[in-house]
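Which chain is which? The protein sequence lines are A and B, in order. Here the UniProt record's numbering is used: the first residue of the first sequence is 1, the next is one more, and so on. Here the UniProt record's numbering is used: the first residue of the second sequence is 1, the next is one more, and so on.
Just so you know, the hints here were simulated from the structure itself, not pulled from any lab data.
SDA-like cross-link-like pairs, simulated, lysine to any residue; straight-line CA separation at most 20 Å:
{"#": "1", "chain 1": "B", "residue 1": "Lys323", "chain 2": "A", "residue 2": "Leu95"}
{"#": "2", "chain 1": "A", "residue 1": "Lys88", "chain 2": "B", "residue 2": "Thr244"}
{"#": "3", "chain 1": "A", "residue 1": "Lys106", "chain 2": "B", "residue 2": "Cys202"}
{"#": "4", "chain 1": "B", "residue 1": "Lys107", "chain 2": "B", "residue 2": "Gly335"}
{"#": "5", "chain 1": "A", "residue 1": "Lys88", "chain 2": "B", "residue 2": "Leu245"}
{"#": "6", "chain 1": "A", "residue 1": "Lys106", "chain 2": "B", "residue 2": "Ser239"}
{"#": "7", "chain 1": "A", "residue 1": "Lys106", "chain 2": "B", "residue 2": "Ser199"}
{"#": "8", "chain 1": "A", "residue 1": "Lys69", "chain 2": "A", "residue 2": "Val52"}
{"#": "9", "chain 1": "A", "residue 1": "Lys106", "chain 2": "B", "residue 2": "Leu240"}
{"#": "10", "chain 1": "B", "residue 1": "Lys188", "chain 2": "B", "residue 2": "Asn153"}
{"#": "11", "chain 1": "A", "residue 1": "Lys106", "chain 2": "B", "residue 2": "Cys162"}
{"#": "12", "chain 1": "A", "residue 1": "Lys88", "chain 2": "B", "residue 2": "Glu243"}
{"#": "13", "chain 1": "B", "residue 1": "Lys284", "chain 2": "A", "residue 2": "Leu95"}
{"#": "14", "chain 1": "A", "residue 1": "Lys69", "chain 2": "B", "residue 2": "Cys202"}
{"#": "15", "chain 1": "B", "residue 1": "Lys284", "chain 2": "A", "residue 2": "Leu90"}
{"#": "16", "chain 1": "A", "residue 1": "Lys88", "chain 2": "B", "residue 2": "Cys241"}
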Amino acid sequence: DLPRTGEALRAFHTAIRSSPGSSRSQAVKEQAQGTMLKVLTSFKSSEIEQAVNSLDRNGVDLLMKYIYKGFEKPSENSSAILLQWHEKALAVGGLGSIIRVLTARKTV
Amino acid sequence: MAYHSFLLEPISCHAWNKDRTQIALCPNNHEVHIYRKDGAKWSKVHELKEHNGQVTGIDWAPESNRLVTCGTDRNAYVWTLKGSVWKPTLVILRINRAARCVKWSPKENKFAVGSGSRLISICYFEQENDWWVCKHIKKPIRSTVLSLDWHPNNVLLAAGSCDFKCRIFSAYIKEVEERPSPTPWGSKMPFGELMFESSSSCGWVHSICFSASGSRVAWVSHDSTLCLADAGKKMAVASLCTETLPLLAVTFITENSLVAAGHDCCPMLFTYEESQGSLSFGGKLDVPKQSSQRGLTARERFQNLDKKASSDTANASLDTLHKNSISQISVLTGGKDKCSQFCTTGMDGGMSIWDVKVRNPRGPLRLG
Chain A
1 DLPRTGEALR AFHTAIRSSP GSSRSQAVKE QAQGTMLKVL TSFKSSEIEQ
51 AVNSLDRNGV DLLMKYIYKG FEKPSENSSA ILLQWHEKAL AVGGLGSIIR
101 VLTARKTV
Chain B
1 MAYHSFLLEP ISCHAWNKDR TQIALCPNNH EVHIYRKDGA KWSKVHELKE
51 HNGQVTGIDW APESNRLVTC GTDRNAYVWT LKGSVWKPTL VILRINRAAR
101 CVKWSPKENK FAVGSGSRLI SICYFEQEND WWVCKHIKKP IRSTVLSLDW
151 HPNNVLLAAG SCDFKCRIFS AYIKEVEERP SPTPWGSKMP FGELMFESSS
201 SCGWVHSICF SASGSRVAWV SHDSTLCLAD AGKKMAVASL CTETLPLLAV
251 TFITENSLVA AGHDCCPMLF TYEESQGSLS FGGKLDVPKQ SSQRGLTARE
301 RFQNLDKKAS SDTANASLDT LHKNSISQIS VLTGGKDKCS QFCTTGMDGG
351 MSIWDVKVRN PRGPLRLG
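Please model the entire structure based on the sequences and the hints provided.
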């Protein structure tokens, strides 16, 4: 679906930017989760680090929330690629970004 | 820096006397023990036994030399030294949950107690009846008050709570003081008035601190954030999402710098950039010991692989001075505007004293 690096990165930023935020609609949230999971699993392992480094602090926190959401509903091979995203996001966001996944009042 | 291991259990809370020769601490039980410095050693000189529940807060008034303690038994005691014995006076707080924190006001004619009853008890001495009475600040607190700090004007009180908010109230008591003059937080300060309330962060507010001038207040919460409200900028709030585990204690050491510590077991420096209204991380202040790297035998490698799914040589023990979470920080010398020494106590039962060095007048602070 997303053969070239540039497209995957663009799709990634779009997904981050258009995250529903304070939407309460479960349907909207689930659609965003699905989109984000598709984007994350479409990345090659070698491209993940660059994608994470292109985010600001809030973006890293948001990415971490989606990673854990992805862990909650695993699909074929999704956890393997999510673990790689987790490792890179942790290196940038630190344990604090995981803490904020646990304490967040508004989930993604 | 100097580290002293007092106990094998957590130090619940501590307070220093005026000249820093004595420290009062709760050794994770119903008592308060006072230690005096004897050269390089610490000797226990008093045991204060009156509480029926864990002592959760201690404060030592520097001028009047009185102690105030509060505990999970829903009581507070004011202790006065009579000769060589500390005599307690019970203060009825009128709360039905544990008391969690206590602070003398700057003029030492009042003290505030935060509790699980979702209110703050402001206590003052009533001359005619010769006992301590208290007034309650309730609205709009919705959960346990974990931390308190007084503004230098003796009237405003900052409170951090488990309802995720930092608030500043007026604790003006007409019986013991004159009407306060206007401050950047507001001009009208009737008792209980809410002068400032932060918008929700997402974590319990563990610790809160006014700057020396009182025009700034900073707090740390359980979502690993540090926030600062600046009354000089219309109470604008700057916040920093840290990369660390949650911080449990924070204090100003200059008008623009803060030291905070918590579950990462080491103090950290933060600076406030006033012109941009932003907070930034200034580094960890602990000095890790250089652990000698020795090679692993093939057998150890396989064992590591089997037990930990990793064959790297990093050891599992902490490199920090404190071996468990730091739960309290106190300024020892220099005050909150020119702190040159501060103290940390933690769940490892240890107490550490840290020196703050200014490299050059305009340069960054560093620690020794």
